[in-house]
Each structure stands twice: as C-alpha cells, then as structure tokens.
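Trainee: So you can see what is in the structure, the chains are spelled out below.
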Amino acid sequence: MAKMMYRDAIRNTIFQEMQRDSRVVVLGEDVVGGMGTAGGPEAIGGIWSTSTGLYDAFGPDRVIDTPISESAIMGAAGGLALAGKRPVAEIMFADFIGVCMDQLWNQIAKFRYMFGGKSVCPAVIRMPCGAGYNAAAQHSQMISQFVTGMPGLKVVMPATPEDACGLLRQAIRDDDPVVFLEHKFLYAMSGEVNDDPDFCIPFGHARLARAGQDATIIASGMMVSYAETAADDLAQDGIGCDVIDLRTTSPLDEEAILDSVEVTGRAVIVDEAPPRCSLATDISSLIAQKAFASLKAPIEMVTPPHTPVPFARELESAYLPGPAKIAAAVRKTLEYR
Amino acid sequence: MQLNREALTRAYRQMKLIREFEERLHEEIQTGEIAGFTHLYCGQEAVAVGVCEHLTERDKIVSTHRGHGHCLAKGCDVDGMMKEIWGSQEGLCNGKGGSMHIADIDKGMLGANGIVGAGAPIAVGAAISNKIDGPDENGDLAVAIAFSGDGACNQGTTFEAMNLAVVTKAPCIFVFENNHYSEHTGVDYAVGTVRDIASRAEAFGMKVWRGDGTDFFSVYDTFREVLEYVRVPGNGPAAVEFDTERFFGHFEGDPQRYRGDGELDRLRAERDCLKIFRKSVTGAALLDHADLDKVDTDALQAIENAVKASRAAARPSPENVLDNVYISY
Numbered sequence: 001m002a003k004m005m006y007r008d009a010i011r012n013t014i015f016q017e018m019q020r021d022s023r024v025v026v027l028g029e030d031v032v033g034g035m036g037t038a039g040g041p042e043a044i045g046g047i048w049s050t051s052t053g054l055y056d057a058f059g060p061d062r063v064i065d066t067p068i069s070e071s072a073i074m075g076a077a078g079g080l081a082l083a084g085k086r087p088v089a090e091i092m093f094a095d096f097i098g099v100c101m102d103q104l105w106n107q108i109a110k111f112r113y114m115f116g117g118k119s120v121c122p123a124v125i126r127m128p129c130g131a132g133y134n135a136a137a138q139h140s141q142m143i144s145q146f147v148t149g150m151p152g153l154k155v156v157m158p159a160t161p162e163d164a165c166g167l168l169r170q171a172i173r174d175d176d177p178v179v180f181l182e183h184k185f186l187y188a189m190s191g192e193v194n195d196d197p198d199f200c201i202p203f204g205h206a207r208l209a210r211a212g213q214d215a216t217i218i219a220s221g222m223m224v225s226y227a228e229t230a231a232d233d234l235a236q237d238g239i240g241c242d243v244i245d246l247r248t249t250s251p252l253d254e255e256a257i258l259d260s261v262e263v264t265g266r267a268v269i270v271d272e273a274p275p276r277c278s279l280a281t282d283i284s285s286l287i288a289q290k291a292f293a294s295l296k297a298p299i300e301m302v303t304p305p306h307t308p309v310p311f312a313r314e315l316e317s318a319y320l321p322g323p324a325k326i327a328a329a330v331r332k333t334l335e336y337r
Numbered sequence: 001m002q003l004n005r006e007a008l009t010r011a012y013r014q015m016k017l018i019r020e021f022e023e024r025l026h027e028e029i030q031t032g033e034i035a036g037f038t039h040l041y042c043g044q045e046a047v048a049v050g051v052c053e054h055l056t057e058r059d060k061i062v063s064t065h066r067g068h069g070h071c072l073a074k075g076c077d078v079d080g081m082m083k084e085i086w087g088s089q090e091g092l093c094n095g096k097g098g099s100m101h102i103a104d105i106d107k108g109m110l111g112a113n114g115i116v117g118a119g120a121p122i123a124v125g126a127a128i129s130n131k132i133d134g135p136d137e138n139g140d141l142a143v144a145i146a147f148s149g150d151g152a153c154n155q156g157t158t159f160e161a162m163n164l165a166v167v168t169k170a171p172c173i174f175v176f177e178n179n180h181y182s183e184h185t186g187v188d189y190a191v192g193t194v195r196d197i198a199s200r201a202e203a204f205g206m207k208v209w210r211g212d213g214t215d216f217f218s219v220y221d222t223f224r225e226v227l228e229y230v231r232v233p234g235n236g237p238a239a240v241e242f243d244t245e246r247f248f249g250h251f252e253g254d255p256q257r258y259r260g261d262g263e264l265d266r267l268r269a270e271r272d273c274l275k276i277f278r279k280s281v282t283g284a285a286l287l288d289h290a291d292l293d294k295v296d297t298d299a300l301q302a303i304e305n306a307v308k309a310s311r312a313a314a315r316p317s318p319e320n321v322l323d324n325v326y327i328s329y
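Heads up: the protein sequence lines correspond to chains A and B, in order. Letter by letter, the first sequence follows residues 1 to 337 in the numbering used here. Letter by letter, the second sequence follows residues 1 to 329 in the numbering used here.
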C-alpha cells in the first residue's frame, strides 16, 4: 500500500499502463502544457496534474497535446481505438461534452454494435467533473445522467484514491469505451492505494462504504464522502446506515442496492446531477420495481435543484447536496409512518 | 498513364461494379424491399477507385453516408455489403448497421458514417496510430483517408480535424469530393469560400492538390502525388479536391426538384466517369471495347448474384438485438 492523492493515483496508473502496454496513448488539451511557448513542454504538465511527466517519459507520439478541439480529441480517440491503440483522452472539463457529444454518442459508443461486432473500441475518456470550486455554470456540472443513459458506454465514478487507481487500470485494459468521471474536488483527497501494478477493480461491483441496518444511502463520486459523513453523524444517534458507493453507474450493481434495501426498507439516493431523468430517478425506479415489498417508507432523493450551477459561494453551497441534507433525508424516512 | 492492361481492367471493373451496385439498388429500393435511408454513389466512382487502387490493407479509410463506393473500392465483399443493405444476419455488420454504417476493420475500412462531417476526426486518430506504428521497411508510412463531401467541408469537425492533423503531423489525407450538392443545396450557396474547398485546407498549412473527379486518370495520377508526399515521415497531412457529379438524389426518394432542366441527362452524357474512361482507353488502344464489354457483363452478373444471395440470406432473429452488447439491463 502507498499513501497518495487521488490525482496522483490517476497519473501513476496512466504512467504504469503506458510502461506496460505501448498501445496506450494519452491525448487532450494541455496534457503536456507549454507546447509552443518559451516555457516549453511540461511547463504546466496538465492543469489537473494528472499527466505530469508523461511527455518526458513517453514522448510526443504517445502523449499528444491537442489544440482546443474537443470533437477532434474525441474523434481521434475513436480512430486510434479502431486502429488498435488504447487511447486515454482527457476532456478538460466534463461540461465540454456539449461540443463533442456526436463523437462520443454517435461514434465511439456505437462502433461495436453498429458494426456487428467487427470492431472493439478500447477508448478511455477522462472527464474531470462536478462542483465545489465556485467555477460556475459551465465548469461545474455533473454529467453522469447523460453518459449513463447512452447504450455502448461504461461509466465510472471513483470516490477514493484507491478506486481511482483500480478502476482506471480496469478501464484502460477494457476493450469497450469507458467514460471516467473524476470529481475535481476529490483530486486532493489522500488515501491508501494498493500498489500492485496489476491491481484492477472489476466494473459493476459497488463498495459498501459503511454498514448499518436502518437505512440505505446510495451515492457516487464526491457524494460518497458526504454520505459517509452523514452516516457517521447518524451513528452518534444510534442510527445505522449502509452507504453504497456505486463505483460504476453503468454497469450498475443492482444486486448490492436491492440486497441492502431489502434489509433496511429505507432508501436515500444522493446524486450531484439535477433531479430529473438522472441516476437518482433511475435507481429510485429500480427500487420501486424490484424491492417494493421491502420498502417501509417512500424513497428519498437528495439532489441539487433543477437549475444551472450557481457561482457565489453561498449559492453553490445551497445548490450542492451535503451531509446535513443527506442526514435529514435519512431521518425523514425513519420518521415516516 | 503508367497502368498495364491488367491494372486498367481492374480499375474499370471496380468502377463498373460500384455503378451496377448502385443502379440496382436504385431499382430495388423502389420495390420497397429494402428498408431505411440509402445514399447512392453513382457518378463519383472514379474518385473512390482512383484513390483506393493505390492503397494497401495497412492504409485506413473513413467514409460518409454515401459510402458504398468507398467500401467496394477498399475491398469490402460485394455479397456481404448487399446482404447488409438488405438487413440480413449474414451482412457485413449482421444487419446492425445497414447502408450508412458498413465497416470492415480488417480491410482498413473504418466505417461509413451517418453523420455528415463526423469521419474526419476519426481518420486523424487512425493516422496518428499509423504515425506511432512508424514507417515500413521501405520507409513509407501507412495513411488514413477522410472522404468528405462539399457538405462535410462546412462542419466544424472537419476544420478541427484538419488542424489537429497539421499540429500532430499525422499522415492523413483529406479527400474532398465536390459533387456540387450538400443534400439539396448548391455548393455555390453553401460553401462560403472565395475559391474552392482545397483552399480551406491550404489555409491550415496543408499542401493541396486538385483533380477532375470524372476522369479516373486525373484522380489516379493526382492521388499518387498526394500519397507519395504523405507517406514520407514528417510531412504530415495533405488534402485533395476532386470535382465530381452525383447522378441520383441526396437519398433515394429525393424528388430532386433543385436540378436544372436536362441537367441529369447532360451529366450522364458528358460527365460520366465510366464513359470517359472507356473513350480514353479505347482511343489510346490500351483496351478494346470487347474487353470492357466483358467486364460490364461480369459486373452485372456479380450484382445479380449478390441480390439473389441477399434475398435468400438468413434474417436476424429477435434475440440478435442483444448480440455484441456489453452491458444489459
């Protein structure tokens, strides 16, 4: 085990996979940083420090600093994958999905099926996402609801440094396209990471972050740590909660959710995306369809309001789900008669 | 002209095969037997064949919604393609793709594409992959080709792709087939460039060529120069624009009310790449009419066989909906 930050877990995993497999190629805006400047290559090393040192180690053919052209990045990732490489593309902010949606949705996600299985498409699309930095409406969004709803994509939302490592390695070795949603606010999170160079976490297996008998909290990404805080607070009052970290939103570990709800009878779903047509509504529907008889109270959803992400500190705090809102939702389900 | 009889015959056979493939589809679609949208390549055969006759299986192409010609020219199986368009389980894509999504990765055919302008970024990715793989024993890079029409040249993706190819010095060739219509709109209206499409590529710093897309020899000779340039490591991408003609509508069923009086008859009489080829090779006594007539007969027979095979081919079963799915709910 080694203690490291979430961002270093990502950077180190890419580095190790590039060393292991010469087909792994990195591309994105400023993934080198400083190209064509007095400072020279690696003057920045990626704005998230998730690609620092890759260019010096692997050179310009395999670490491709691109112009600000998300469609070209996404499309080139698709072309690289069809041609037998294993691209790891970075879309600097997940919000920029809007300018490259076609290449993700109509191309990468569909190749294997549309071509009758004649191709695979081993592309990893890393998308730093989420709120918490007061980056306002176009640099703070959670986009899990779009990509989870697209057939042909696997969607990963690591909540800890160790999961960032194990899930990213799994993504790079996977033959299908994976959207890897890294929460920006987690980059500085520190934790123990399994340093086995083949450590992978298989997709579709949720992690039980807390265990309890009274209610089930289902969360993903940054929401997991808020759910853990809420569960720890509730435990002080003798209320025990399962906290399920989904890890991957597609495939979805339905069994982990249903097994827990069948025991607790109470479900609280925490989602950083707006409240309509989202993971929260999706899982709510899953529970209603498949664990109806176990429910002792209506399902609760803790989500932002149906608004763009606001800028001011007070407004962003009011917008985001947090431990207090999650704990209140759990108490509400317990009080239901 | 440096081609021997065998190569000339092969080029003509490829063009004729595409022509008869499309002419037959034009008839069959009217019977209602074939489902979906179909965009025919008739009239542009000299471009696909003049380009692809130079390529090897290492070279990749990315095609368009009007992709049958590119697929056939790159070596996709005639029966497999026809069966795919028929929606058969035996089609190249098991009936999952249809006319707009024919692909054969092993042949270097990375897909036709239903989205106008979507192909160019994918071609750049394939070209970057070729660059990473490096030159062969002769010092030549494999290339990737983005076929685009005058419609796709107005998509931002095409501009992004051209710039990325230049920045990464990717061995990518942008082949612009200007058939004068983007869907139902004329090129003089829709392409707001003072000169031509090639001049746009030139503005990205690329070396460009221009050729007559109705003349196989113009395409073939021009493209040889393009290819020789792009195969050299370090040279990066290039572009070529071919002036060509579309004999049918944007899609099958298009009433083509935008055509001028007698336009289609004139194009068929004066701008038919097959007639121009025949006149050229018989005039120069490279092939005689009997040779070409034999190719015509063989091509018709090959298409007849493909249609018969498609009619008889296995249909997909409902459970095939879930084939090649990696996550199910």
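To be clear, the hints were calculated from the coordinates, so they are not data collected in a lab. Among the hints, a few may not be true.
Quick list of the computed label-pair ranges, beta carbon to beta carbon [stated by the list, open to error]:
| id | chain 1 | residue 1 | chain 2 | residue 2 | range |
| --- | --- | --- | --- | --- | --- |
| 1 | A | A137 | B | A35 | 54 to 60 Å |
| 2 | B | A203 | A | G98 | 24 to 30 Å |
| 3 | A | K290 | B | E57 | 33 to 39 Å |
Taking lysine to aspartate or glutamate pairs in the DMTMM-like style, the calculated list, with each CA pair at most 20 Å apart, reads [said to hold, decoys possible]:
| id | chain 1 | residue 1 | chain 2 | residue 2 |
| --- | --- | --- | --- | --- |
| 4 | B | K169 | A | D237 |
| 5 | B | K207 | B | D196 |
| 6 | B | K107 | B | D196 |
| 7 | A | K3 | A | D196 |
| 8 | B | K207 | B | D188 |
| 9 | B | K169 | A | D61 |
| 10 | A | K332 | A | D196 |
| 11 | B | K294 | B | E33 |
| 12 | B | K169 | A | D196 |
Backbone N, C-alpha and C fix where the C-beta goes; we use that ideal spot for every residue, glycine too.
Trainee: Taking 24 to 30 Å as the stated bounds, is the beta-carbon spacing between A203/B and G98/A within them?
Mentor: holds, 26 Å
Trainee: Holds or violated: are the alpha carbons of K107/B and D196/B at most 20 Å from each other?
Mentor: With Cα atoms ~32 Å apart, K107/B and D196/B exceed 20 Å; violated.
Trainee: Given the hint that K169/B pairs with D237/A, test it: the Cα-Cα distance must not exceed 20 Å.
Mentor: Violated: K169/B and D237/A sit about 64 Å apart, past 20 Å.
Trainee: Going straight from one Cα to the other, do K332/A and D196/A come out at no more than 20 Å?
Mentor: With a Cα-Cα distance of about 43 Å, the restraint between K332/A and D196/A is violated, given a limit of 20 Å.
Trainee: Check the hint pairing K207/B with D188/B against an upper bound of 20 Å on the C-alpha distance.
Mentor: violated, 24 Å
Trainee: Hey, K169/B versus D61/A, does the alpha-carbon distance stay inside 20 Å?
Mentor: holds, 10 Å
Trainee: Within 20 Å, alpha carbon to alpha carbon, are K207/B and D196/B?
Mentor: holds, 14 Å
Trainee: Is the straight-line distance between the alpha-carbon of K3/A and that of D196/A 20 Å or less?
Mentor: holds, 13 Å
Trainee: Holds or violated: are the alpha carbons of K169/B and D196/A at most 20 Å from each other?
Mentor: Not OK: K169/B and D196/A at ~37 Å, beyond 20 Å, violated.
Trainee: Would the hint linking K294/B and E33/B be met if the CA-CA limit is 20 Å?
Mentor: Violated, at roughly 30 Å.
Trainee: Quick one: are A137/A and A35/B within 54 to 60 Å, going by C-beta?
Mentor: 43 Å Cβ-Cβ, so the 54 to 60 Å window is violated.
Trainee: Kindly confirm whether 33 to 39 Å is satisfied by the beta carbon distance between K290/A and E57/B.
Mentor: At 49 Å between Cβs, range violated.
Hint check: violations occur at hints 1, 3, 4, 6, 8, 10, 11 and 12; the rest are consistent with the structure.
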